[in-house]
Amino acid sequence: MAPSPLSSFDEMIDADGNIRPAYAGYREWLDEQDGKWLQRQSKQAESFFRKTGITFNVYGEDAGAERLIPFDMVPRIITRDEWSRLAVGIEQRVRALNAFLHDLYHKREIIKAGKLPERMLKANEAFLPQMAGFSPPGGVYTHIVGIDLVRTGPDEFMVLEDNARTPSGVSYMLENRETMMAMFPELFTRVKVQPVSDYPRSLARSLAACAPPACENERPVVAVLTPGIYNSAYFEHAFLADQMGAELVEGSDLRVVDGRVAMRTTRGWKAIDVLYRRVDDAFLDPLTFNPSSVLGVAGIMDVYRAGGITIANAPGTGISDDKAIYSFMPEIVEFYTGEKPILKNVPTWRCSEEDALKYVLDNLKDLVVKEVHGSGGYGMLIGPTSSKAEIAAFEKKLRAKPDNYIAQPTLSLSTVPIFTKAGLAPRHVDLRPFVLVSPGGINITPGGLTRVALKKGSLVVNSSQGGGTKDSWVLAE
Amino acid sequence: MLGRSAWGIFWMSRYLERAENTARLLDAGFRIALTRGNSTASDEWRSVLVTLGLDEPFAERGREATGPAITDYILRAQDNPTSVLAMMENARTNARMVRTAITREVWEATNESWMILKDALAKPVREANLGEVLDMIRRQATLVRGAMEGTMLRNDILAFARAGTYIERADNTARIIDVKYHVLLPSLAWVGSRLDNAQWEMVLRSVAGERAFRWLHAGVLDPRGIAEFLILDARFPRSLAYAYKQLESSMAILSDAYGIETSAHLAVREAVARLAATNIAGIFDFGLHEFITEAIFTNRQIAEAIAADYRFTE
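As they're listed, the protein sequences go chains A and B.
If you want my numbering, it's the 1-based position in the first sequence plus 533.
If you want my numbering, it's the 1-based position in the second sequence plus 2.
Extracted from the complex, chain A is given alone in its bound form (with noise of 0.2 Å):
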């Protein structure tokens, strides 16, 4: 792969080759430490991570195969104040995807207002039309959100891609914070680093403020429901579960009894008021969406409809990721909330409108084209790194089905450095902050998942794709 076109913003080291102030702590510690002991111990996270089982299962390989996602022992670190920031910004885009969510779910004020076109619902797969006039309970549609964001400049930050239907990854920011305290574990007492382990708990905490009218229990039932062992997020499901005291279940656990949904436990049939869902829409229930899946639960929704289970994330939040509509989200915050964006989205354009696609396709080269419901960084073209091949194809794809597209310029995503064995050298990142919603409000773990795209100027950070992930910090002081 060619190297990235752009310069880019290094967070460690500025243009002058000074050490930013967020780094100068750890670069200190960096420059005590013994070479050779740091490659030791790089090695040493890696049978770390095997032995804990940490691994994800890559699609299309033997049923069962087991990866590594690669972990770079130099944490990405951001300032307090950079974070608040941050933070606010992160706080007004959820509470707007769930205000509009709600809309589009009854009223369509948005729609009526003129500020979002009508198609976008009418030929969208993700919008569940079993939803309307539904109100989940607490109100909330997406109790945990993931905001992919890139960093271009000193304190530009932009959305890429808001996560609203099962983001993962969570589980990856806490064994990276474990793996890092076990193996520097005074490098936190000379950096005060804010804490990541509250997650699991805030985790159950909301979900259980989310219960069901129908729950009789003072402390809710919650289960987290699994497509199963041979799933790639199979290791973070039953992280999660543990993590809360929840039962980690599977479709073929569960049924609905007495108009609840239960799970077949060794005493018998026991009621679920909270089931965080790790299964797509798709699947969730056979009678109403796929007939063929075995992943979901028969009836479930007759039930949710009905006051009698708690879904989370609640069905059709995928509306509100899909990267057609994110082209529309600062008209949605503005709408929403009578603020004006404190996070930037990355100029889109939509293949569907008609001059948009005539620039898309004038300059291929120069942008990336993803597919509006792609994911896992699939199925989409990175320009300026292809091939004249390769951009002759995809030309095919997008003049075939432009509907199916979106595209966005090729950004400059910022660096830090990862650990290889000829010492720092700068790669690609992007963060993904975890967002949690209750009716009490909205809790966002400082800092997030750090990926990082392992190959030298490469902008994939996708963990299928060959990166990797890092710790990250925000400052406590």
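The set of hints was computed from the structure by calculation and includes no laboratory data.
From the three backbone atoms N, C-alpha and C, an ideal C-beta is built for every residue, glycine too.
Some hints could be false.
To be verified - Quick list of simulated restraints, FRET-style, between CB atoms: (1) A:973 to B:105: 29 to 39 Å; (2) B:45 to A:715: 48 to 58 Å; (3) B:239 to A:574: 36 to 46 Å; (4) B:133 to A:574: 49 to 59 Å; (5) A:801 to B:148: 27 to 37 Å; (6) A:761 to B:41: 25 to 35 Å.
Stated by the list, open to error - Straight-line distance between alpha carbons at most 20 Å, and here's what the computed DMTMM-like set of lysine to aspartate or glutamate pairs gives: (7) A:584 to B:316; (8) A:803 to B:316; (9) A:856 to A:1010.
Stated by the list, open to error - To give an idea of the interface, some chain B residues facing chain A are shown, with a C-beta separation under 7 Å as derived from the structure: (10) 3; (11) 4; (12) 5; (13) 6; (14) 8; (15) 98; (16) 110; (17) 113; (18) 114; (19) 118; (20) 213; (21) 260; (22) 300; (23) 312; (24) 313.
The hints should help you fit chain B onto chain A, whose structure is shown.
For chain B alone, kept in the frame of chain A given last:
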């Protein structure tokens, strides 16, 4: 707890126990092969296959029944779904499925055991390394059991794990007795006669009982005494009597926790009572083979009752 989790931990424990017992059985065969003539050794290897119920599948492969071919088949052959490697993998898959029901230490011990053995069994094991590998299998199983004992809550989850362990152990010991007495005692008339001491020592070794027996019986090896030891001596941790005693106490934890007894409790109590009411003379009168066949059948019935009573599957 989920019925599926109970099922998972029950089988995770059974697979670990079976992997360990298989290693013990192989170790015993290996020692005979080292010290005895060829014909004794090949009898012994065959009896290992019969004990594991693998004589027919092995014969179907059309390979010569040599020690190395048999050990390779039992330890790691791809076409043997009950190889030690496959059982460790099953144990680990079950552990992964019930990840939230076990402690981090139990999971890590199981996962690490699987990683270590997968590595050790990646290639055929050379005869010179066989003892070491078998040792490793036993050690890893012990490690997991130790992590369970040391870190798990004393609740229904551990009760299901233990029930799995002791049902499997009772089954394995019963099978060893059955096969060994067939091989070593062609006729009941031989009971009480002087037999090849080394072979009897082997029987004991395959259940890690040679020292215990010598200590309790002042070194006199006789078939009746050994059978009594393996079936009725509740002091010996791999005897049927001990396994049933442990199974009974695991079942008691379940009835205490749930406030109700099930058909599985009844089945266990009956089995324990039957064992208590008999002695070794009675067993030989009834017929050792018949007695063991019945014990294996009872074992399976208990396992099925537990699975049904506690909703392992729908």
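Results for each hint:
The hinted range of 29 to 39 Å is satisfied by residue 973 of chain A and residue 105 of chain B, whose Cβ atoms lie roughly 32 Å apart. Residue 45 of chain B and residue 715 of chain A have their C-beta atoms about 53 Å apart, which keeps the hinted 48 to 58 Å range intact. A C-beta distance of roughly 42 Å is found between residue 239 of chain B and residue 574 of chain A, which places it inside the suggested range of 36 to 46 Å. Residue 133 of chain B and residue 574 of chain A have their C-beta atoms about 35 Å apart, which leaves the hinted 49 to 59 Å range violated.
Taking 27 to 37 Å as the suggested C-beta distance range, the pair residue 801 of chain A and residue 148 of chain B conforms, at roughly 33 Å. The hinted window of 25 to 35 Å between residue 761 of chain A and residue 41 of chain B is violated, with their beta carbons roughly 51 Å apart. Simply put, residue 584 of chain A and residue 316 of chain B have alpha-carbon atoms about 33 Å apart, too far for the 20 Å limit, and the pair is violated. For the given pair, residue 803 of chain A sits about 14 Å from residue 316 of chain B by alpha-carbon distance, which is consistent with the 20 Å threshold.
Of the pairs offered as hints, the one joining residue 856 of chain A and residue 1010 of chain A is violated, with about 37 Å between alpha carbons and a cut-off of 20 Å exceeded. For residue 3 of chain B, the interface hint holds, since its Cβ comes within 7 Å of a Cβ in chain A; the closest pair sits about 5 Å apart. With a cut of 7 Å, the hint placing residue 4 of chain B at the interface with chain A holds, because the nearest CB-to-CB distance is about 6 Å. With its C-beta approaching chain A no nearer than about 5 Å, residue 5 of chain B sits inside the 7 Å limit, and its interface hint holds.
For residue 6 of chain B, the suggested interface contact is upheld, since its CB lies about 5 Å from the closest CB of chain A, less than 7 Å. Checking residue 8 of chain B against chain A: minimum C-beta separation of about 5 Å stays under 7 Å; hint holds. Given hint, residue 98 of chain B at the interface with chain A, holds; its Cβ is 5 Å from that chain's nearest Cβ, closer than 7 Å. Hint status for residue 110 of chain B: holds, given a least beta-carbon distance of 6 Å to chain A, under 7 Å.
For residue 113 of chain B, the interface hint holds, since its Cβ comes within 7 Å of a Cβ in chain A; the closest pair sits about 5 Å apart. Hint on residue 114 of chain B holds. Least Cβ distance to chain A is approximately 6 Å, under the 7 Å limit. Violation of the interface hint for residue 118 of chain B is found here, the shortest Cβ-Cβ separation to chain A being roughly 10 Å, above the 7 Å cut-off. Below 7 Å, beta-carbon pairs count as interface contacts, and residue 213 of chain B has none with chain A, the closest being about 34 Å; its hint is therefore violated.
Among the interface hints, the one on residue 260 of chain B holds; its C-beta lies about 6 Å from the nearest C-beta in chain A, closer than the 7 Å criterion. Look at residue 300 of chain B: its Cβ only gets to about 22 Å from chain A, farther than 7 Å, so that hint breaks. At its closest, the beta carbon of residue 312 of chain B sits 4 Å from a beta carbon of chain A; the interface hint therefore holds under the 7 Å criterion. Below 7 Å, beta-carbon pairs count as interface contacts, and residue 313 of chain B has one with chain A at about 5 Å; its hint therefore holds.
Violated hints, in rising order: 4, 6, 7, 9, 19, 20, 22; the structure is consistent with all others.
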